[in-house]
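A.B. asks: From just these sequences and the hints, can you work out the full model?
These are the residues of each chain, in order.
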Amino acid sequence: DSGVTQTPKHLITATGQRVTLRCSPRSGDLSVYWYQQSLDQGLQFLIQYYNGEERAKGNILERFSAQQFPDLHSELNLSSLELGDSALYFCASSVLGDTEAFFGQGTRLTVV
Amino acid sequence: GEDVEQSLFLSVREGDSSVINCTYTDSSSTYLYWYKQEPGAGLQLLTYIFSNMDMKQDQRLTVLLNKKDKHLSLRIADTQTGDSAIYFCAETRRGKAAGNKLTFGGGTRVLVKP
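Chains A and B, in that order, give the protein sequences. For what it's worth, this note's numbering labels the leading residue of the first sequence as 1, then goes sequentially. For what it's worth, this note's numbering labels the leading residue of the second sequence as 1001, then goes sequentially.
Check before you lean on any hint, since a few could be wrong.
[What the hints assert, rightly or not] Here are the computed lysine-lysine pairs in the DSSO-like style, where the Cα-Cα straight-line distance is at most 30 angstroms:
(1) K57(A) to K9(A)
(2) K1036(B) to K9(A)
(3) K1067(B) to K9(A)
(4) K9(A) to K1070(B)
(5) K57(A) to K1113(B)
Note that these hints are calculated values from the structure, not bench results.
C.D. replies: Below, the structure is given as structure tokens:
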């Protein structure tokens, strides 16, 4: 157990809908990251937050947004969902903004 | 741009050594990682190496880095059936400006046969 908690574990929703994925980092970690794992794209970095502020941005679609709250948990919001958004979404956390990252178990999103 | 490549599949007999290879293109990489993913599970950090090192050993795991050739390998000694998983190589350029974005390879599926 890495100490990073993601909820829910599974999510099934229809196209056009909006969902929110939640991540609680390891105790003491200030930085959270979001990654998407899909069969065609592999593991792709989406976004990183450090102590509430955006630190780095990757291939995150405009339909997706994220934030890190004062208690350091993070949420990834996915809207106007398409079939191609079906994937495993991982959250990771690290102590600082540039130290090794530990991953949660992921949220499997299925868009039907 | 950044790119990390791995072979797709490796089959090994229980008790033998496994060697998983990875190549990367970003010469600015500062840290290189190996993660393990078991079916239905998250990514487990196995080990990492700083780019100014050639080798790192951690129990059954040995990481070798050839920075000139941008080649990274992970050797698992005395491979067990529990080592069957997908292994991902990843690189990052750490730092306040770069953050800690990990670029992953496509993963190597390791199958350990009894």
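A.B. asks: A separate judgement is required for each hint: does it hold in the structure or not?
C.D. replies: Verification of the supplied hints:
no.: 1; hint: K57(A) to K9(A); result: holds (24 angstroms)
no.: 2; hint: K1036(B) to K9(A); result: holds (19 angstroms)
no.: 3; hint: K1067(B) to K9(A); result: violated (39 angstroms)
no.: 4; hint: K9(A) to K1070(B); result: violated (37 angstroms)
no.: 5; hint: K57(A) to K1113(B); result: violated (41 angstroms)
Hints 3, 4, 5 from the earlier list are contradicted by this structure; the remaining hints agree with it.
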